[in-house]
Amino acid sequence: MKAWGQRLTVADYGLVAGFLLLCAFLAVLSPTFLTASNVLNVARQVAVNALLAAGQTFVILTAGIDLSVGSTLALAGAVTAGTMVHHGIAAGLLAGLATGLLVGALNGLVATRLGIPDFIVTLAMLSAARGLTLIYTNGLPIGDLPPAFLAIGGGYLGPIPLPVVLMLLVYLLAHLVLRSTVFGRYVYAVGGNRKAAAYAGIPVRRVRVAAYLISGFLAALAGIVLTSRLATADPQAGAGYELDAIAAVVLGGTSLFGGEGQVLKTLLGALILGVLGNGMNLLNVSPFYQEVVKGVVILLAVTLGNLRELRRLLSSGEAG
Amino acid sequence: MDGALLRVRGLRKSFPGVQALGGVDLEVRAGTVHGLVGENGAGKSTLLKVLAGVLRPDAGEVDFAGRPLPFGSPRACQALGIRVIHQEFSLVPGLSVAENILLDHLPAHGLLLDGRRLRTLARETLERLGVDLPLEEPVARLSVAEQQLVEIARALSARARLLVMDEPTAALSEREIEALFGIVRRLQAEGVAVLFVSHRLEEVLSLADPVTVMRDGRVVATLPGSQAEADRLIALMVGRQLGEMFPEGERRPGPVVLEAEGLESRGRFAGVDLRLQQGEVLALAGLVGSGRSSVARALFGLVPLTAGRIRIDGREVHIASPRDAMRLGIAYVPEDRHREGLVLNLSVRENVAHAALALGGRWGRVDVRRERAAAEAAIRELAIRTSSSEARVEGLSGGNQQKVVLAKWLGIRPRLLLLDEPTRGIDVGAKREIYRLIHRLASEGVAILLISSDLPELLGLADRLLVLREGRPMGLLRREEATHERVLRLAMGGAA
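In order, the protein sequence lines correspond to chains A and B. So that you can map any letter, position 264 of the first sequence is 264 in this note's numbering, and since no number is skipped, the others follow by simple counting. So that you can map any letter, position 124 of the second sequence is 124 in this note's numbering, and since no number is skipped, the others follow by simple counting.
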């Protein structure tokens, strides 16, 4: 616990402060922002991207990247829906999650066994999985899903939407895995210094594959949530979501070079992006401008993080 | 079993263009500290990497405790009790000191990390070493010396039967070295075998018995401690004869080109004075890591100076970037030509043009015809063997690639040429040609700063040699007074 407490630096508080500031700002400007229904609405909207971003964090921590999560989401959603229609809910869920694991396994094995850069492997998968989705669905949405299934995306636990509960559970678990398990340490080691990890006898390839499995699994979970919420599996679902997921990870301060970052800060990154979008909707900002603002915010946040890092280096005595 | 814990036989390993190990035989007994010495490039590090399970050899066998050692599996080697302190840091910057110390056997209950035992074990290990480090701190925030201690602590954190130490003292203080040696002796008494590699001969002589000398990828001798003396070891390390490799002929030094006083780059080198005349070759000698390359890189604006002044032609200058340096007529041929010297997938013509392109004033059209003419002139003058000026550089031999790098820099007509390991990894014939080229350039009035780990090369080419050790100048020798032994002694720390 203490080890990780110490790793909270000024930059982290900056992220929290930025988030609170954004919320305060929106609360003043829009009377609806802080209403319970809007807050829960934002949380529910954030859930899908947050699930993708959690998996993405694992992959990026190992110094990889998973561009295929948007397509995996769609494929898993379609397989879930398609299976469910004929074989029931349980079979549908299992098939969907298995699809995600399969995609993750393929990504991981091709990247580690054939030595192809992660970027290219998952870029190829982005295309291939989308194609498979279109083949599987004939390009048409799958509807008529059992009502019980729709509860996953639309139901509540007390006042809290189920997708939000799921998201919080996943982050709690991810945080525990990264913080308190041997595997978690291996993830940081593999991303922070791959050679050192290999020298220390850490099964580097298996750790990388595991990260892709987690990412694929969570993408499938996100696909199930989205399908349930929309009551259809749309073959075009999730297009471009990989970029939002990566943005959340980066916004949360995780290094794209691997080995540094925390999954809970990814959640914060996803929340910031979600609140920003919601706030701009409430303020009637044109969607065209919204994209620009999002881009600027990402750059700004990362630059501020870098500046602090830079100042720390300078003050530690080098350039004196 | 006849006492040898580790038995290496006929070990061979080649890298593209270099034979690192050419059939090594070695035996290390339990309960001994076995010294291993040799010049840079003698093959020591390659040998250690095989023992660590990091590298697979091309041929040969290694028996450990009577069983064949599995190659290419660090985990298996660790399980057998081989612990290695690597020379290059193998720490994970974002993980804490405790996590790094126990990285290869993190304590756990099932899947869960056991944080308390992690800290206890790490603390115990550090106490055995007699040092105090903040267990929770990410190693990225530690000093180099502290990182080295973490590295050592990792190797000591589990029971070892063979402890391999590759330059373990390079960054340590006297007190820390004392503590380390105390541990080594205690482990020895417990029956552990220690393979101790160091450039510091006095350390080897005080700890090790026997001492093995390697040269050019082979073991040339293994001496019992009673016969191991610094002079003898150095003579064995040096070995080879200087032939007709080097061009003869007078060079007449002209006016002073470079004057530098009190150059310092914190953490790299300090107190370096340089003076270099036209037509002169000044060598920077020293071991790898002695700061030689950093000095050259500072002169080329790649490493920041924290103190000192530089004058070119008597005028004080500031060199903050390679561009500044190039405008002053300084060229730098880097140590790692693949990574820093060439764009491998481009043609000879394009590579030759690069430096001139960067200096070419404002951006305009690239004049391919002129580039080709320049490249073809260079191919003729430097005898670059290539099918044409359009051939990709990656298909050329090491020597010809190096000539392309030289041609690129000669294209800006440098007055001061910084050469960092200009002949590393290239064959003898190409070396000769490069030596002749260096001599010719100097005769034409170029001032040359030459860095090389190949001592005969320095002795054969340089007018004067400045020997660095751990970032500090240890002595300036004129060509007549420079001998192999003398330079090595200065470089390794000993009276000249």
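No wet-lab data here; the hints were simulated from the structure. There could be a bad hint or two in this list.
As the list claims (entries may be wrong) - Simulated crosslink set (SDA-like; lysine to any residue; CA at most 25 Å straight-line): (1) B:K431 with B:S443; (2) A:K195 with B:L80; (3) A:K195 with B:A145; (4) A:K195 with B:F71.
Tell me if the straight-line CA distance from K431 of chain B to S443 of chain B falls inside 25 Å. 18 Å, holds
Mind checking the alpha carbons of K195 of chain A and L80 of chain B for me, to see if they're no more than 25 Å apart? Measuring from Cα to Cα gives roughly 21 Å; hence the hint holds.
Under the criterion that the straight-line Cα-Cα distance not exceed 25 Å, is the pair K195 of chain A, F71 of chain B satisfied? Distance ~17 Å between K195 of chain A and F71 of chain B Cα, so the pair holds.
Would you mind confirming whether the straight-line C-alpha gap from K195 of chain A to A145 of chain B stays at or under 25 Å? 21 Å, holds
No hint from the list above goes unmet by this structure.
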